[in-house]
Amino acid sequence: MNSNQEISSSDLAKRIRIHALRMTSRGGSSHIGAVFSIADILAVLYGGVLDVRPSEPKWPDRDRFILSKGHAGAGVYAALAESGFFDIQWLETHYQDGSRLSGHVTHVDMPGVELSTGSLGHGLGVGCGMAYGAKLDGKNHRVVVLCSDGELDEGSNWEPILFAGHHKLSNLIAVIDYNKIQSLAPVSDTIALEPLADKFRVFGWAVYECNGHEHDALRAQFAAMKEEKGKPKVLLAHTTKGKGVSFMENTVLWHYRTARGEEFDRALAELEAVR
Amino acid sequence: MRDAFIAQLTELARTDPRIFLITGDLGFGVLNKFAEEFPNQFLNAGVAEQNMTMLATGLAMEGRVVFTYSIGNFPTLRPLEFIRNDACYHHANVNVVCIGGGFSYGSLGISHHATEDLSILRALPELTVVAPGDDYETMEATKALVNKSGAGYLRLDRSSMIVDAAQPFELGRARVVREGTDLTLISTGGMLGEALIAANKLSECGIEARVVSLHTIKPLDTEAIRLAAVETGGIITLEEHTVLGGLGGAVAETCLEKRWIPGFFVRMGLQDVFSKVVGSQEYLRSIYKLDAPAIVETSRKFVEAGQRAVVEGAIR
Numbered sequence: 001m002n003s004n005q006e007i008s009s010s011d012l013a014k015r016i017r018i019h020a021l022r023m024t025s026r027g028g029s030s031h032i033g034a035v036f037s038i039a040d041i042l043a044v045l046y047g048g049v050l051d052v053r054p055s056e057p058k059w060p061d062r063d064r065f066i067l068s069k070g071h072a073g074a075g076v077y078a079a080l081a082e083s084g085f086f087d088i089q090w091l092e093t094h095y096q097d098g099s100r101l102s103g104h105v106t107h108v109d110m111p112g113v114e115l116s117t118g119s120l121g122h123g124l125g126v127g128c129g130m131a132y133g134a135k136l137d138g139k140n141h142r143v144v145v146l147c148s149d150g151e152l153d154e155g156s157n158w159e160p161i162l163f164a165g166h167h168k169l170s171n172l173i174a175v176i177d178y179n180k181i182q183s184l185a186p187v188s189d190t191i192a193l194e195p196l197a198d199k200f201r202v203f204g205w206a207v208y209e210c211n212g213h214e215h216d217a218l219r220a221q222f223a224a225m226k227e228e229k230g231k232p233k234v235l236l237a238h239t240t241k242g243k244g245v246s247f248m249e250n251t252v253l254w255h256y257r258t259a260r261g262e263e264f265d266r267a268l269a270e271l272e273a274v275r
Numbered sequence: 001m002r003d004a005f006i007a008q009l010t011e012l013a014r015t016d017p018r019i020f021l022i023t024g025d026l027g028f029g030v031l032n033k034f035a036e037e038f039p040n041q042f043l044n045a046g047v048a049e050q051n052m053t054m055l056a057t058g059l060a061m062e063g064r065v066v067f068t069y070s071i072g073n074f075p076t077l078r079p080l081e082f083i084r085n086d087a088c089y090h091h092a093n094v095n096v097v098c099i100g101g102g103f104s105y106g107s108l109g110i111s112h113h114a115t116e117d118l119s120i121l122r123a124l125p126e127l128t129v130v131a132p133g134d135d136y137e138t139m140e141a142t143k144a145l146v147n148k149s150g151a152g153y154l155r156l157d158r159s160s161m162i163v164d165a166a167q168p169f170e171l172g173r174a175r176v177v178r179e180g181t182d183l184t185l186i187s188t189g190g191m192l193g194e195a196l197i198a199a200n201k202l203s204e205c206g207i208e209a210r211v212v213s214l215h216t217i218k219p220l221d222t223e224a225i226r227l228a229a230v231e232t233g234g235i236i237t238l239e240e241h242t243v244l245g246g247l248g249g250a251v252a253e254t255c256l257e258k259r260w261i262p263g264f265f266v267r268m269g270l271q272d273v274f275s276k277v278v279g280s281q282e283y284l285r286s287i288y289k290l291d292a293p294a295i296v297e298t299s300r301k302f303v304e305a306g307q308r309a310v311v312e313g314a315i316r
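So the sequence lines, in the order shown, correspond to chains W and G. All the letters of the first sequence, read from the start, carry residue numbers 1 to 275 under our numbering. All the letters of the second sequence, read from the start, carry residue numbers 1 to 316 under our numbering.
Some clues are possibly wrong.
Which stretches of chain G does chain W cover? Using the computed rule of at least three CB atoms under 8 Å from a CB of chain W, they are [to be verified]:
#1 26-32
#2 35-46
#3 61-69
Label-pair restraints from in silico Cβ distances [said to hold, decoys possible]:
#4 W:P60 to G:S286: 51 to 61 Å
#5 W:T93 to G:N147: 32 to 42 Å
#6 G:R259 to W:I88: 46 to 56 Å
#7 W:K226 to G:E253: 54 to 64 Å
The set of hints was computed from the structure by calculation and includes no laboratory data. Source: prediction; values computed, not measured. A virtual CB, placed ideally from N, CA and C, is assigned to each residue, including glycine.
Throw the hints in and build the complete structure from the sequences for me.
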């Protein structure tokens, strides 16, 4: 079980955001908006939904978690450190010379990270392989892959989406961080995805939707998935890019910008004010 | 080579449940028996080589020894980044098998000519790159790839000869399949057959060529290259592949850096062009000057010019 049982998922989300703000500011890295977008999803996953053991990262029956949108790696590092996978002090080196914490998430010498990503469109296919293998072996663990919405432009996602539907990989869960903003512009102005739920349905997936910042709703969706036996599952988590800091929310700018000086102070104050 | 590979993999799969074969919807009439005998060790990923490579990585990370199977450039150049980031970087035992090396599918056109794969894949860290010279090396390489760690590339072509040589196969160690003192023909893949035919012809002219099957492009057997340069004084590399960066490139890099400078050095291969001519493997080897007569001609030209002086340590 998770060592996070003592702290609430909302407290974990708050810590992930504050860590990520400090990490990206200290190292001068981008993607804080993308991290804030998934902070609540990560908090719910590591706050009890994922069956993992921080003291035994390679426990064979663990749930597998893959961050396919590797640019939000700071959030995963923070969640893992807060969960006890490694020393929280490691976070202070993020993105800096000689650090083991690269800007895009890496598995090398990193307890708890299954797959190194950074190039989009890799997580779902590898997750399919893990899920297919688990089914052959009669294992009960789940494979959870967190993707971004813009990432779905990559054709390499649609190969595994077809595959998982055909093979009814019911132990595979894709979570789409659906904040509707991608690298340069809104998703709808770039490569429109709607109707996204219908796309997954016709590919043979069971579709779940909720607000990706409401923890009880997220938990309810993950619980409901356990009842669906015959299909892969996708959760369209409707999120807000930059969620948690007023001036970062719903902007393209904070996909790239690093918070420093007065901006950093204001952002930190807003995050710390959350109960 | 293809049939030798499947036969060996079938034998391995009977005793090793980790063996897993994924095809990218190719192998009609070739993989049927394997699929029937091992339904839990076989998967058709469909016409989706990116996903085939990702699936292989996921399965290998969970303990399987996976072979991905397709022809020409489909299992290699098409999903190149997936081989690099997923299979290689995660040190997964994923073995990419191409059954159409070089001009194997010559008549089908350049889409089906695998003529840059060795140089491109050789550049990937932690990838073992093997191009067997005959059926024996194919079977031994298949066994060896199962037992090595990390990812591998097995490049097979349509050659099907068996070379009679005493030296056993070992991954990363070239095989001397014919002794000689006047020059060394270093071949990779099925060019080994052309090299041996050429060596026999050369012998009739009084030229004794050493023939080395350099089946493993990475890790490279530098000692075999040293002996070729120092003992025979001339090196000709033979590959059904571009001359840029593959076998010839690897040997040239080694000779220059180590200062093992042969009296002459020639890279025989495809000269940085698309092989647009339509025809069989044999026909295209003759058109692109890779057949035994071309090897004989090149060898005689250099040997008879007397450029045999070994210049060891010439660069200071």
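Status of the hints after comparison with the structure:
no. : hint                         : result
1   : 26-32                        : violated (count 0)
2   : 35-46                        : holds (count 4)
3   : 61-69                        : holds (count 4)
4   : W:P60 to G:S286: 51 to 61 Å  : holds, 56 Å
5   : W:T93 to G:N147: 32 to 42 Å  : holds, 38 Å
6   : G:R259 to W:I88: 46 to 56 Å  : holds, 52 Å
7   : W:K226 to G:E253: 54 to 64 Å : holds, 56 Å
Going down the numbered hints, you'll see the structure goes against just number 1.
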